[in-house]
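J.: Starting from the given sequences, assemble the full structure and let the hints guide the process.
Each residue of the sequence shown is one higher than the last, beginning at 107 in our numbering.
Misleading hints may appear alongside valid ones.
Label pairs and their calculated CB-CB ranges [what the hints assert, rightly or not]:
(1) Ile294 <-> Gly228: 33 to 39 Å
(2) Ala414 <-> Thr243: 43 to 49 Å
(3) Leu299 <-> Asn177: 36 to 42 Å
(4) Met232 <-> Glu430: 56 to 62 Å
(5) Ile231 <-> Asn130: 29 to 35 Å
(6) Ala162 <-> Asn444: 53 to 59 Å
(7) Met535 <-> Glu658: 43 to 49 Å
(8) Leu299 <-> Leu454: 30 to 36 Å
(9) Ile294 <-> Ser355: 17 to 23 Å
(10) Ala162 <-> Gln459: 53 to 59 Å
(11) Arg246 <-> Asn283: 17 to 23 Å
(12) Asn286 <-> Ala162: 23 to 29 Å
(13) Ser227 <-> Thr169: 29 to 35 Å
(14) Asn130 <-> Arg246: 32 to 38 Å
Derived by calculation from the structure, the hints in this document are not laboratory data. Nothing here was measured: the structure is a model prediction, and the numbers come from that model. Heads up, the beta-carbon is just placed ideally off N, CA and C, and yes, glycines get one too.
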Amino acid sequence: MRQKKYLLFTILLLLLVGMPIIYNLTPIYQSTAKMVVDAGQAKLVGLQTENTTGAAIDFKVNTEVEIIKSNKVYLRTIKHLQLWNSADYNLLSFGEKLLSLFATDKSQKPRDEYRTFSQLSGQDIMGYLKALNDHVTVARIRRTNVITIGVISPSANRAADIANSLTRSYLAEKIENKANSMRGVAEILKNQLNKLAIEIQNFDRQRENFITEYADQISDPNAGKILAELRATIDLKTQETLRKILEVSEIGRAALAKDYFALASLTEDLQFGALFSQYESINFQLSAPRPADDSQFNLQQELQKIEANFELLSQQMQNKLNAEIFANQAQIAEFQTNRIHIFSAYDLPQDVQMALYRLTEGIKSKRNLYASEVKKYSEVEQKIGILIPDVRVIATAFPPEAAIKPNKKLLAAGLLIFAVFCGLILAFMRDEFIGGFVSSDQVHAVLGKQPISVIPTHTNEDDDNIILNAPLSRFSESIRMLRVGLDNHSLNNNVFDQRAKIIAVTSTVPEEGKTTTALCLARSYSLAGKKTILVELDFRHPVLNERLALNERLGLNRPYSLQDFIKQDADMAMIDKIIYVEPATNLSIVLAGAAQKTATDILIQSKSLEGVISKFSKDFEIIIIDTPPVGLVVDGQIIAQKVDQMVYAIKHAATSQKNVLAGINFINAATVDLPVFTIITQLDDSQAGYFGMYGVEYSYYYGG
107 MRQKKYLLFT ILLLLLVGMP IIYNLTPIYQ STAKMVVDAG QAKLVGLQTE
157 NTTGAAIDFK VNTEVEIIKS NKVYLRTIKH LQLWNSADYN LLSFGEKLLS
207 LFATDKSQKP RDEYRTFSQL SGQDIMGYLK ALNDHVTVAR IRRTNVITIG
257 VISPSANRAA DIANSLTRSY LAEKIENKAN SMRGVAEILK NQLNKLAIEI
307 QNFDRQRENF ITEYADQISD PNAGKILAEL RATIDLKTQE TLRKILEVSE
357 IGRAALAKDY FALASLTEDL QFGALFSQYE SINFQLSAPR PADDSQFNLQ
407 QELQKIEANF ELLSQQMQNK LNAEIFANQA QIAEFQTNRI HIFSAYDLPQ
457 DVQMALYRLT EGIKSKRNLY ASEVKKYSEV EQKIGILIPD VRVIATAFPP
507 EAAIKPNKKL LAAGLLIFAV FCGLILAFMR DEFIGGFVSS DQVHAVLGKQ
557 PISVIPTHTN EDDDNIILNA PLSRFSESIR MLRVGLDNHS LNNNVFDQRA
607 KIIAVTSTVP EEGKTTTALC LARSYSLAGK KTILVELDFR HPVLNERLAL
657 NERLGLNRPY SLQDFIKQDA DMAMIDKIIY VEPATNLSIV LAGAAQKTAT
707 DILIQSKSLE GVISKFSKDF EIIIIDTPPV GLVVDGQIIA QKVDQMVYAI
757 KHAATSQKNV LAGINFINAA TVDLPVFTII TQLDDSQAGY FGMYGVEYSY
807 YYGG
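T.: Here is the structure:
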């Protein structure tokens, strides 16, 4: 590939920069918990479902998804895991991170010490809620009742912890909400029970008063006496029951407040007094100043035991009083029943009997309603203790073994593909816009000049001698094509009838094949029967002497150099001493001489050189001049004013288009009417069999 080095450099550079970045990326792990939503309400035993419509199930599942994503559930998780102290939830913005890098005062840096939830501001809490929401994905699996809770985190364990904590927080929130709802129902039922109890008491009182009021209408005096005694007994039992109810309430209140003095005072039980004495003694010992040791720890344990005994005794006392209250209430009910039976056994006026019947039925109705409400209240109280949510965990989250991202292998492969793509783009850009010319069409598009010939390299032999040793090669044919093109231009313009045609060969920079082209073109003209001379005017970097190996072949008999002839201002009669005639081609050659370390434009502009060129114009038909590169020195621009045609060598896929265009502009600036012919040199021989400029496959006609 022509731009292989740029392609490889780009790939290597991007890989060297990208691979460390990829393999230092923070891995992100994902852990997922799964929950299933039951279609019906959860029962006290097991999770039973009811037949519901698909729309209702969809609504319920979608509702549960939104509940899981609520701030209340997230906040519970944040509190449980203390995420505000977690590194991946530090909430540092880019600006804060940048500030922390340059801050010298610790007070200027974002604080990272341990904090409690109470130390967080409202803005902090909202930030952590947003951060958690960004790390959590809650979704329903298609149309099933399964909900997934996925959590991503730089830590595999942290991802699993958060996912499991979210499920626990959600279930706890759901149970708590149901419990609160059931407590509300229980409170309503309790108020209704209290109201019914008052109404029953009022009905009982009305009936007792009614019996007392009409007891004097009974003719039997013993019956009236019995009714009065029963009424007195009922009143005493009622007062005793009320006193015990008040005592139970006070004991419960004192036990809840841990007012052990009140407990000891309220009861006549000696155990309470003894426990209180022990309690006071231990508290006195603990309040005395003393170093912390095992004895103090033992005292605290004893104190805890005493408190537990107080709680147990108070509960036993309440149970005992409640049993006595229940027994009294049963006796009161029995006495009331006896009074009614005695009162009803005698013949009473019909209106009295009807009034008594209404009161009795009213009491019965209220008692039945009270019993029904008590049953409901008991059921609700039981459900509060054993609530089962209608959502259950079916898959606990576990720490994942591998990160979900970044996929370092995939990123590395993508980076390699991207690097190759960038390298190809760079190579293409260099080929088409920045780098060297790669096609005749490209030369024409940029320079406005179609190349007159495309000269390939020859891998088998030295390029300088190919035209002699391989006359049927592609290289030799391209030189002949160059020669014919130049001749056709001269023929079409009817010039050079009386003098030699002067052709200069130049390039933008060295190593573009201009000297090889000049030598081979001169040999081609000479072999074609034209009296030709090759003049080397590249005084800065002359190479013909080395190329032709004249020092080895001629030794001291080699010709004088052109620069010596110019510097000595020699007579034109001596000009033959600077000309070397090549035996194989009969080509005359003039060597520039030793390389000059100083400016050579004086030599180029000298009168002696003008005389030499004038002399050659009379003695030869073709003068080929090897000039210095126009992109480096001014000599080429000066020579351009002295020639008839300029051949501009462009190395294939090498010299930048910008520099080539600048070099041709230098020539055009020196002489406007000079025809400049571009050629592409050093085309890879493997590509020379077919070149887009002519569309001719030379190898069909020539063997090499």
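J.: Hint by hint, work out which the structure violates, then give me just those numbers in ascending order.
T.: none
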